[in-house]
Amino acid sequence: GEDVEQSLFLSVREGDSSVINCTYTDSSSTYLYWYKQEPGAGLQLLTYIFSNMDMKQDQRLTVLLNKKDKHLSLRIADTQTGDSAIYFCAEAYSSASKIIFGSGTRLSIRP
Amino acid sequence: NAGVMQNPRHLVRRRGQEARLRCSPMKGHSHVYWYRQLPEEGLKFMVYLQKENIIDESGMPKERFSAEFPKEGPSILRIQQVVRGDSAAYFCASSPELAGENEQYFGPGTRLTVT
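If you're matching them up, the sequences are chains A and B in order. Here our numbering is used: position 79 in the first sequence is 79, and no number is missing along the way. Here our numbering is used: position 35 in the second sequence is 35, and no number is missing along the way.
Bound conformation, chain B alone (with noise of 0.2 Å):
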C-alpha cells in the first residue's frame, strides 16, 4: 500500500504564474488536508476536503487559493497569481473514512519556490 503521493516534490515558479499541487491519498482514504509550511516554522492548516466537498477552508486564503478533491483523481492545490510569500513547503495528509483515532499520513510535501 503506497503512501501519499504528492507531485511534484519541487516547483519554481515566477511572481504571477500559476501553480498546481497534486496529492495522491493513501489507498482507501478519503479524506484529504493540506497544510503549509513556512521556512523555519510549523505547519499550518489550510484545507480539509472529503471526496467532490470542501469540509473546513478556514485556513485558505481568501484569494488566489483554492482546493478540489474530485470523485475521480488526485487532490490539487491551485494557487493562482503565486507571489514570492508563497514559497513555502506544502503538505497533503489523508485519513481514512472513519478515522478513529485521527491519524493522519502525511505526504513528502511540494517545496514551492516563486522567483
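Pulled out of the complex, with its shape left as it was, chain A reads as follows (with noise of 0.2 Å):
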C-alpha cells in the first residue's frame, strides 16, 4: 500500500537544528521529496533524492534516507523565522506518476 507518515507538529529555537522525520510503506519508491508550504500558498520543492542513495546536502538541508526502515529525515540547520511552514514528505514510484503526500509537519520557530 502507499502511505507516508510524520509527526504534526514541530517547535525549534531560532539558531537551533531542526529534524523532520517521515515513514513510508512502499518500498519500491523511487523518488523521495520535501516539499515546504506557506500559509496559503502552493508548494515548493525543496529537495529530493532518490532511493539508491542514503544522503543528499544542499546547503542548509540534509536529506537521510534509511531505506531499510523506510525512514526519511529532513535536517534544516540554523534553523530561521523564514522557515516557519508546513513541511510534506513525498514519494513517487516512477518519474512521471503521482506523488504521494505525507499530512505535513508544521514547523513553529521560538525566538
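Hints are not guaranteed to be accurate.
No more than 27 Å apart at the CA atoms, straight line, and that leaves these computed lysine-lysine pairs for DSS-like [as the list claims (entries may be wrong)]:
#1 27/B x 44/B
#2 71/B x 67/A
#3 56/A x 36/A
#4 36/A x 70/A
#5 44/B x 36/A
#6 67/A x 36/A
#7 71/B x 27/B
#8 67/A x 56/A
#9 27/B x 36/A
#10 70/A x 56/A
#11 27/B x 51/B
#12 36/A x 68/A
#13 44/B x 70/A
#14 51/B x 68/A
#15 44/B x 62/B
Only part of the chain A face toward chain B is listed, based on derived beta-carbon distances under 8 Å [stated by the list, open to error]:
#16 43
#17 46
#18 77
#19 82
#20 85
#21 88
#22 98
#23 100
#24 101
#25 102
#26 107
#27 108
Derived by calculation from the structure, the hints in this document are not laboratory data. Think of the CB as a built atom: it goes at the ideal place given N, C-alpha and C, for glycine as much as any other residue.
Join these two chains into a complex; the hints should help.
This is the structure:
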C-alpha cells in the first residue's frame, strides 16, 4: 500500500537545527521528496533524493534515507524564522507518476 | 518563463452549483496533475493527464468530478453539483515531456469554498 506518515508539529528555537522525520510504506518508491508550504501558498520543492542514495546535502538542508527502515528525514541547520511553514514528505514510484504526500509537519520557530 | 498558473485563486459556490478550475502548465510542459488538499491535511492525488489523454484517474471521485486537458488551452477540473465536502484547495502541477527526475512544478492553488 501507499502511505506516508509524519508527525504533525515541531517547535525549535531560532538558530537550532530542525529534524523532521517521515516513514513510508512503499518499498518500490524511487523518488522521495521534501516540499515546503507557506500559509496560503502552493508547494515549493525543497529537495529530493533517489532511493539508491543514503544522504543528500544542499546548503542548510540535509536529507537522510534509511531504505531498510523506510525512514526519511530532513535536517534544517541554523533554523530561521523564514523556515516557519508546513513541510511535506512525499514519495513517487516513477518519473511520471503521482506523488503520495504525508500530512505535513508544521514547523514553528521560537525566539 | 511563467510558472504554473491557476485561476481563479479563490472560488465560492453554493451547494448544487458547478465549479470549474483552470490550470495552465508551464511552457513546454505536457503533463498535468491535479491534487486536492483538505483543511489541515496533505495533498491527495486526483488525476494525471497528458494532452488529450487521461493517464491515471485513480484518485478522482467516480461521480461529479471530471478533468480534461485539451490540445489547445488549459486543463480544466470540473466539479458538478458541489457539496460542502468539496471545500478544499485544489493544486495543479505540471512536468515536461521527459521528466527524468519527476519534478512537478506546482501552481498556487484554487481555494474552493462551498456555502
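Hints, one by one, checked against the model:
no.: 1; hint: 27/B x 44/B; result: holds (25 Å)
no.: 2; hint: 71/B x 67/A; result: violated (41 Å)
no.: 3; hint: 56/A x 36/A; result: holds (17 Å)
no.: 4; hint: 36/A x 70/A; result: holds (21 Å)
no.: 5; hint: 44/B x 36/A; result: holds (16 Å)
no.: 6; hint: 67/A x 36/A; result: holds (23 Å)
no.: 7; hint: 71/B x 27/B; result: holds (14 Å)
no.: 8; hint: 67/A x 56/A; result: holds (14 Å)
no.: 9; hint: 27/B x 36/A; result: holds (23 Å)
no.: 10; hint: 70/A x 56/A; result: holds (16 Å)
no.: 11; hint: 27/B x 51/B; result: holds (13 Å)
no.: 12; hint: 36/A x 68/A; result: holds (26 Å)
no.: 13; hint: 44/B x 70/A; result: holds (20 Å)
no.: 14; hint: 51/B x 68/A; result: violated (38 Å)
no.: 15; hint: 44/B x 62/B; result: holds (15 Å)
no.: 16; hint: 43; result: holds (4 Å)
no.: 17; hint: 46; result: violated (12 Å)
no.: 18; hint: 77; result: violated (24 Å)
no.: 19; hint: 82; result: violated (19 Å)
no.: 20; hint: 85; result: violated (14 Å)
no.: 21; hint: 88; result: holds (6 Å)
no.: 22; hint: 98; result: holds (4 Å)
no.: 23; hint: 100; result: holds (7 Å)
no.: 24; hint: 101; result: holds (4 Å)
no.: 25; hint: 102; result: holds (5 Å)
no.: 26; hint: 107; result: violated (15 Å)
no.: 27; hint: 108; result: violated (15 Å)
Figure legend: structure checked against the earlier numbered hints; hints not met, in rising order: 2, 14, 17, 18, 19, 20, 26 and 27.
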